[in-house]
Amino acid sequence: MWEFIHKLGSPPHFWRLSGTMVPWFGWFAAILIVVGTVGGLWIAPQDYQQLDAFRIIYFHVPSAWLSQFGYVVMAVAAAVGLVWRIKLAHAIAAACAPIGASFTVVALATGSIWGKPMWGTWWVWDARLTSTLVLLFLYFGYMALRAAIDDENRADRASALLAIIGVINIPIIKYSVEWWNTLHQPATISKIGKPSMEPEMLVPLLIMWLGFTFFFFAVLMVRARAELLVRERNKKWLRDVIDRG
Amino acid sequence: MEFLSFGKYTWYVWSSVILSFVVLGANVWMARHLLKSRIETARRRLAAEEV
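For the record, the sequence lines run as chains A and B.
Take the first sequence: its position 117, counting from 1, is numbered 117 in my numbering, and each next residue is one higher.
Take the second sequence: its position 37, counting from 1, is numbered 282 in my numbering, and each next residue is one higher.
Same shape as in the complex, but just chain B (with noise of 0.2 Å):
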């Protein structure tokens, strides 16, 4: 598990990569959810739209 440590720095650069990972899983995330959320509303209106 040597590798994981940066010296005196390991939190410090840990808690970046951490957060940096949080916020580009997060924006795929919340970019997806926004794609298919509109997509079934898209969906509801039309099939409420044909009754």
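Chain A with its partners taken away, still in its complex shape (with noise of 0.2 Å):
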């Protein structure tokens, strides 16, 4: 186990491992979003009291969850970088940045788009509302830190700061639904032992949830790839991979 970890902390071995596997993750991201789709809009059946708006569920809610869960593997990463100094660390947290901050637009745009018509207004100031606002503020934060500082070591460190202390805003977005009284439904599909949805429009949502998760780490191994080819500028393994084409 320890020495998979540590193989796995190794650029070169990185790169070999993420060159292969970002294909296969990509296609059955595609095969899961493009299935969750067509069940999400055109087999799960109407909500009773939302009719057809609550199938905006299957999009609002994998970005929501991408948009934290990028940020929680963000911050382990960044922990980890700046704990065990491990450089692959950083370029995971530094390529995991952009994506969750486009899956937070993505959650805070779509929760607009379905709030209107269900609670007659695009934004309201509550918990979770604002607490997502939050999220997308720390993604630019912790973007525009790393961007000022040119020395990358520095950049890193002072970036994983700011990762970890913003971790704190995470389980304030998951129980804001329940600390305080808010417009926003609570977890739909968080309870494990019950969840407040018929199988027939679960399973779509469950297939999306899987599908963006698959998705993220495909783009996410890319733009780590791409953290790579600076960082190890200098080293002969990447120099190999270069000239070998």
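Heads up, some of the hints might be wrong.
Unchecked claim - Where chain A lies over chain B, by a calculated footprint (3+ residues, C-beta under 8 Å): (1) 249-257; (2) 260-271; (3) 275-287.
Because the hints were derived from the structure by calculation, they are not lab data.
Just so it is clear, CB atoms sit at the ideal spot from N, CA and C, and this is done for glycine as well.
Now that you have both chains on their own, put them together as the hints suggest.
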């Protein structure tokens, strides 16, 4: 196990492994997202209360999941990089930020589009929405901080601290619907024992959730490879890889 | 074309779908573009060093 983790931390090993895994993850994601979209839009029955508007859930929930999951992956990678000084971990953390930020935008926008017909407003300064907006600003802050510091090691350390401190926002987002009075509905699929959806509605959602997760890792690996090309530019293994084409 | 309609929520549903797919596509395009441009930069750098 430790040997596997140790090998995974090696940039040449990661380069080879990710090169093999990206197409698999990418195709899995594409198939799952297409199947989930068809299931969510045309196979799942109408909601008795929200009618067809509830179908936005198939895009809103997986995006919201990725916005938070991406941040947790970023914070864990940043912490690993900070504690064990593993350069690959910093590369992965840096690669997470733009992906996570883009899905936070989708989560906020689709939530807003869903909120208009259901709540009668595009936006309310409610705990779940506000904490998700804070998440977006944390991503922007992380990327701005990295871009503002020229020295790579200092940029890694400073941005890692911001990522680790900011992770406190994730449980706030998660439990905001329980801690405060909010317009946002409570958790739908996190209640493993008793999900609040019918199976015909739940299955496409789980397929989309899995598809978005595979998509995240596929894009993350491509971006992490791009990070390695800059960080390892003077290493012999990378020169050999580039030479071989 | 009736299957494309979601009643009075058609606009809301389709705008969410389109936005999601645009962002999914943009993520793929940007990541691939970044990787390709960095590989190209690394190649040019190696070629310049060899000269």
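To see whether the hints hold, each was checked on the structure:
1. Counting residues of the stretch 249-257 of chain B whose beta-carbon sits less than 8 Å from any beta-carbon of chain A gives 6, enough to reach three: the coverage restraint holds.
2. Chain A is given as covering the stretch 260-271 of chain B, and this holds because 8 residues of the stretch bring a CB closer than 8 Å to a CB of that chain, at least three being needed.
3. Coverage of a stretch by a chain is defined here by at least three residues with a beta carbon nearer than 8 Å to that chain's beta carbons; for the stretch 275-287 of chain B and chain A the count is 9, and the condition holds.
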